[in-house]
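Participant: Sequence:
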Amino acid sequence: MRGVVVTKVGVEKQKKNNLLNLFRKYLYKPITGGVFGYLIFLFLISVSKYLGYLIGNRESFQIDITDLLLSLLGFAFIFTIKMKENTKEKVS
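The sequence shown lines up with residues 728 to 819 when you count with our numbering.
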């Protein structure tokens, strides 16, 4: 007398994996991309200000709060692009 025993462990594990995959896909990847975009924009602004200081257009080299806020555009752009890539339906 052999029988099949079905447990809910597999279903619960699959739900946990699905939630983890959803978290990675819709939050983790866009946020890490956004942080990367923020750092790239901040780096470009810093380099351009430093080069302006070296060639004499500026009297001093400073990073202002407005530069940090302007770098948020990089976060917003890359976050939006990554979110759009993740939510795009696959057409085959």
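Don't take every hint at face value.
Within a straight-line C-alpha distance of at most 20 Å, the following computed EDC-like cross-link-like pairs (lysine to aspartate or glutamate) qualify [unchecked claim]:
#, residue 1, residue 2
1, LYS756, GLU812
2, LYS776, GLU786
3, LYS811, ASP794
4, LYS811, ASP791
5, LYS752, ASP794
Now the in silico label distances, taken between C-beta atoms and shown as ranges [what the hints assert, rightly or not]:
#, residue 1, residue 2, range
6, ILE790, LYS815, 15 to 21 Å
7, ASN784, ASN744, 51 to 57 Å
8, TYR755, GLU786, 39 to 45 Å
9, LEU800, TYR753, 18 to 24 Å
10, ALA803, GLY783, 52 to 58 Å
11, ILE782, ASN744, 44 to 50 Å
12, LEU749, PHE788, 21 to 27 Å
13, ASN744, LEU795, 25 to 31 Å
14, LEU781, LEU747, 43 to 49 Å
15, PHE788, TYR755, 16 to 22 Å
16, LYS815, SER787, 16 to 22 Å
17, ASN745, ASN784, 53 to 59 Å
18, SER775, ASN744, 32 to 38 Å
Just so you know, the hints here were simulated from the structure itself, not pulled from any lab data. Glycine residues also receive a C-beta, built at the ideal position from the N, C-alpha and C atoms.
Participant: All hints, please: hold or fail.
Facilitator: Against the structure, the hints come out as follows:
Our distance criterion of 20 Å between C-alpha atoms is met by LYS756 and GLU812, whose separation comes to about 10 Å. Only pairs whose Cα atoms come within 20 Å are accepted, and LYS776 paired with GLU786 is accepted, the gap being roughly 11 Å. Between LYS811 and ASP794 the CA atoms are separated by roughly 26 Å; this puts the pair beyond 20 Å, and the hint is violated. Of the supplied pair hints, the one linking LYS811 and ASP791 is violated, its CA atoms being roughly 31 Å apart against a limit of 20 Å.
Between the alpha carbons of LYS752 and ASP794 the distance comes to roughly 30 Å, so the proposed pair goes past 20 Å and is violated. At roughly 36 Å, the beta-carbon separation of ILE790 and LYS815 lies outside the given 15 to 21 Å, and the hint is violated. A hinted range of 51 to 57 Å holds for the C-beta pair ASN784 and ASN744, which are about 55 Å apart. Between TYR755 and GLU786 the C-beta distance comes to about 43 Å, which sits within the given range of 39 to 45 Å.
For LEU800 paired with TYR753, a C-beta distance near 22 Å keeps the hint of 18 to 24 Å intact. The hinted range of 52 to 58 Å is not satisfied by ALA803 and GLY783, whose Cβ atoms lie roughly 33 Å apart. Between ILE782 and ASN744 the beta carbon distance is about 55 Å. The supplied range of 44 to 50 Å is therefore violated. One distance hint, 21 to 27 Å for the beta-carbon pair LEU749 and PHE788, is violated here, with the actual separation near 44 Å.
The beta-carbon spacing between ASN744 and LEU795, approximately 38 Å, falls outside the hinted interval of 25 to 31 Å. A hinted range of 43 to 49 Å holds for the C-beta pair LEU781 and LEU747, which are about 48 Å apart. One distance hint, 16 to 22 Å for the beta-carbon pair PHE788 and TYR755, is violated here, with the actual separation near 35 Å. For LYS815 and SER787, the hinted distance range of 16 to 22 Å is not satisfied, since their beta carbons lie about 46 Å from each other.
At about 54 Å, the CB distance of ASN745 to ASN784 agrees with the hint of 53 to 59 Å. The hinted range of 32 to 38 Å is not satisfied by SER775 and ASN744, whose Cβ atoms lie roughly 45 Å apart.
When the structure is compared with the earlier hints, violations turn up for hints 3, 4, 5, 6, 10, 11, 12, 13, 15, 16 and 18 and for no others.
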